[in-house]
Structures are given as structure tokens and as C-alpha cells.
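In case you want the letters, here they are:
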Amino acid sequence: MSWFKRTDSNIQTETPKEMPEGVWIMVPTTGETVHRRELEDNYWVCPASGYHFPVGSKEYFSYLFDEGSYTEFANDIIAADPLEFTDRKKYSKRLEDTRAKTGMNDAAKAAVGTLKKLDVVIACMDFRFIGGSMGSVVGEVLSQAIDMSLKKKIPLIIISQSGGARMMESVLSLMQMAKTSAKLAKLSEAGVPYISVMTNPTTGGVTASFAMLGDFNIGEPNALIGFAGPRVIRQTIGRDLPDGFQTSEYLLEHGFLDFIVSRPNMKNKIGRLLKVVSKSYEK
Amino acid sequence: MNYLDFEKPIADLEKKIEELSNIDIPENDALAPEIKRLQQKVDDLRVSIFKNLTSWQRVQLARHPDRPYTLDYIYKMCENFVELHGDRKFGDDNAMVGGFATIDGQSVMVIGQQKGRDTASRKYRNFGMANPEGYRKALRLMKLAEKFDIPVITLIDTPGAFPGLEAEARGQAEAIAVNLREMAVLRVPIITIIIGEGASGGALGIGMGDRVYMLENTWYSVIAPESCSSILWKTWDYKEQAAEALKLTANHLLEMKIIDGIIKEPLGGAHRNYEEIAANVKTQILSTMKELKKLSKDKLVDGRINKYSSMGVWETLK
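So the protein sequences, as listed, match chains A and B.
Heads up: the first sequence at position 148 corresponds to 147 in numbering that gives the first Met the number 0, and the numbers run straight through without jumps.
Heads up: the second sequence at position 316 corresponds to 315 in numbering that gives the first Met the number 0, and the numbers run straight through without jumps.
Bound-form chain A, shown alone (with noise of 0.2 Å):
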């Protein structure tokens, strides 16, 4: 008799939330395998299963953008380690190895170009950068990302994929959920289209902050997206979740989603409604 066996048929296991390595690559939800070379032509989605695997801020903006029209900015800041905090590790070697990791800043980036030959402005967090946890650096990108479509007047179009806000800067984390929503209500006031994207995963302050204020908030097929994870409420109920609890599909279901778009169709789909919009807006 084994002590320890599942019963439960309804656990959710993590899905993986960075990109996957080699050539052949096993899609988690039905285990079969697929070349590489398919999933990049693919936006990195399995094309039986519909499965989207994770990708990062490179991966979007070359999916949404018009080929070679974008430029970075806001990629001159880093995190500093205000509270000189330490759990296991300090807080400074962890950015430091994450850095030289993955060749990033921090978790977001931002870029101003065309989409379907409209101006707008994107945002985007990486999940590979602890997380995509939102610190002061992402507070401060989604800032001049929001600032720089008010000044220009085009469409904002922030792609969320975070654990939430980032520990190690404790409440100064905490100040970037009033920092961005204070600046997208300026955004709102100015009747500048703000489109949010949300990918898997989206959940704690990022999803409590900008992430659910779009003018529109559109998900990726499966994603999760909550408040509080999955974890802490089975702890806080004690019994398990439903299925397919928290995911975009849900969330649509409840009224918290405009649509649900796969990544192939994203580009189209936005590029559709911003047209339609922008009548309303461009004088």
C-alpha cells in the first residue's frame, strides 16, 4: 500500500514557464515531440495541439511589429539593491547572475514602431528574468512606455507574463502597482488606446495593477491568470481547485477578458481593433 499516492485526479502540474532548449522538443500538455524549426515558424505554438509555449519580449516584438520598424528605449536602467536584501542569496548576485543569464536588463523592455503601419507603443515583461517579477526597472520601463504614448498619442500595448511583484524590493514593489496605474490613468484621461496582453503566467501585483486596467484586456489561450496562485488558495480553502481554474478561458467566462487570441493570430487581431479605434482618437 503506498502512503503517498495521488488520488486526486484534478492537481494542476506547472506547465514551464521559459523557452525550451534543442532541437527536438516535447510538448508537455500530450508529450509528443516537435522539431524546432516548426514551433519557430509557428510563433513557437504547436501546430496539433494549439500548445504555446513561453517566449519572451525579442519573440513578441518581432511577431507584432512591422519588420525592422521598432527601436528600444527605456534600456538604460538596471536594478539597483536599495534594501541591500538577502534571502539565501543577496539580492545583487542574483541580478548579477540573472543578467549575465540571460543578456537582459531586467524583466521588461520597450519599443516604439508600427503595427499593421499603425504607431504604437509596446511593452513587454520577460518571465525568465526571476520570474518577470515587477521591481522598480519594470516600474519604471512600463512608465516611459506609458509616457512615450501620451507624448506621441498612439496606442499602448503592454504583454504581461510575471509571478507578480518582485520580494526583494518589498514595498518599493509594491509602489510600482500605484505607479503604473497612476500613469495609465493619465493615459485613460487622454483617450489613448491601451491594449493589455496576458500571457501564462500573469498573477499577484502586476495582474492587481496595470494588467487588468487595459481598455481592452485580451489573453493567450490557457494562460494562467489570477490575484493570489494556485497554491495559496488550495492552502487558504483546503480542497482542491476546478479545472481549469484561473485560465484565460475562465477569466473570459467570468467577464474579466474581451477575447481569448491565439499568438499567430495577435498580431491581425489587434491590428483590426486598433484600426477601428484609432478613427475615434487621431484627429
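These are calculated hints, taken from the structure and not from any lab test.
Hints are supplied without guarantee of correctness; some may be wrong.
[To be verified] Once the Cα atoms are required to be at most 27 Å apart in a straight line, the calculated DSSO-like pairs of lysine-lysine come out as:
no., chain 1, residue 1, chain 2, residue 2
1, A, LYS185, B, LYS317
2, A, LYS89, B, LYS233
3, B, LYS233, A, LYS100
4, A, LYS88, B, LYS298
5, A, LYS150, A, LYS266
6, B, LYS233, A, LYS152
7, B, LYS233, A, LYS92
8, A, LYS150, B, LYS298
9, B, LYS317, A, LYS150
10, B, LYS292, A, LYS88
11, A, LYS16, B, LYS298
12, A, LYS151, B, LYS292
13, B, LYS317, A, LYS92
Knowing the structure of chain A, use the given hints to seat chain B on it.
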């Protein structure tokens, strides 16, 4: 009286004093000098213990079961409190209370999380953890205050927004996010005071004040020390270290310029003297209201947006 673990020496001495005082003998007066001596000792001890509190001890004080809660402050500071209920969308949240009142004759809207004091009331108040309807009720009341041009006072005391299944279904994240955006542009003064626990988005959801103050023995952070320990140390045992690392006390936050001031508590903590702490909070509210009422509405809102827009610490690459 409930004592915390680090108050044990105080508790022991106070018990001894009580025992001596209760001895009923004719020559009772003979004990008076001894009682007086012990009383002096207990006073000195309290001063020395409370002079050097660790971050974790402040967290414990912020959670003290005898600590005054939002409604205690409202009844001590205000007159004419009329409690208002409901978010007009789904229900009423007993973890979030609010209503119009006067303070020193001036109309205000007071909103805050409410904890319970015994098992039944703790459950009724959901331990001060609001659901989405709590945040939506708070926003409805703030909009009412804006409509009637009345300042808003928010009192924060929460271990976090409720992490439940129904809370997710009804959009906990959306409710908090909308509050942040709407508070940023609310056209009346907002004064925020952290009276106990200020846990993360659940606190900030009513916390975007023009001025933010913390009581001396409170905490405000992106995460509770125990949860931080469980995530970063993979065990619940490092709560003291996590509390230090998070720099979550009033002194730390003032140093980081996140808050505008610290409100002094009676020696031994706010629960030692409700009258005194309520009077201190009231004095702060009145002087801040006087200052904020001088600003035009545009200046007020611009100031608030600028305050929050400038938060964060980073470095620029050469």
C-alpha cells in the same frame, strides 16, 4: 491583557505587583515601598524593551489581539458616524467598513479594513481580508465623497486581500487595480494611515493617499514575512530574518520616503491606551486636512500622480 513573548519579563513583574497588592494584612503599608520599587522597575524595563524592538517584534505588535481596530478609531475620533454598506454589484463585505462622519466638526469619509476580536467576530470580519466587493464598496464610497466634495480617510489593517476561489471568480485583481487607477485621480484629498498590518495589494487597494502615515508599531510590505520566508527560504522558519530583510517598519519606510510621517504610540503599544493613540491619529488627520484643503483640485491630483510616479530606485547605465 495579552502579552507577547518578548514582553514576558514585564508580564512576570506585573503579576508580582498584582499579587503583592492583593495581600490583605494589617501592616499592608509595609509593602508599599516594595510595590513602588517594582513598579519603577517595570516602567524602566518597558522603556528599555520598547526602545530596541526588532522588525519582527513590531510585526507582532501590529497583530496584537488587543490592538485598536478601524471601528475603535472611528468611534474615538469621530462624531456622527453613519456606516454605509454594499458595493451595489454583488454584496456587502464585512472585512471593509466605511461611512460618513465628522471629525472636529468637519465632514469626512472614513474607510478601513476591520478585524474581529473573538472567534465569531474574526470569522464575521474574515480576519480583515477583503473580497472584491470590499474594494468595490470602498471605491463606491470614495466616489460618493468626491461627489459631495468631502475628504477621504483610509485606515489600513489587513493581512492581505482574501486569496479565495470566489474572490478570484469575482475579480480580486481587477477590483484592486481599478481602485489604484481611480484613487490616483480622485478629486478630493485622501489621507491614509496604517494602523496595523499593511500587507501588499490588499493594503494598497485603499492606500493611495496624498499623504500616508504609519503608526509606530505597524508594518507595510509587498508580502508578509512568513510568506516571504516560505517562498525564498522554502520554509516558514525564517520569518524574523524575512521581517528584517523586507525593511517593513515605519522607520524604514520613512527613510525610503514611501510614507510622510510616523504617528507615535503609547509606551508598550497602541493597545495600552486607546484614548491616547486615537488622539494622536486625530491630531495628524486634522493638521493634514488643513494642509491639503489649501490645494486646488488640479494641484491635488497632479501632486498625487507625481508622488506615485516618482516611486522606485534604480540605476542608469553609463
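How the hints compare with the structure:
no.	hint	verdict
1	A:LYS185 / B:LYS317	violated (31 Å)
2	A:LYS89 / B:LYS233	holds (16 Å)
3	B:LYS233 / A:LYS100	holds (23 Å)
4	A:LYS88 / B:LYS298	violated (44 Å)
5	A:LYS150 / A:LYS266	holds (24 Å)
6	B:LYS233 / A:LYS152	violated (46 Å)
7	B:LYS233 / A:LYS92	holds (19 Å)
8	A:LYS150 / B:LYS298	holds (21 Å)
9	B:LYS317 / A:LYS150	holds (25 Å)
10	B:LYS292 / A:LYS88	violated (47 Å)
11	A:LYS16 / B:LYS298	violated (44 Å)
12	A:LYS151 / B:LYS292	violated (34 Å)
13	B:LYS317 / A:LYS92	holds (20 Å)
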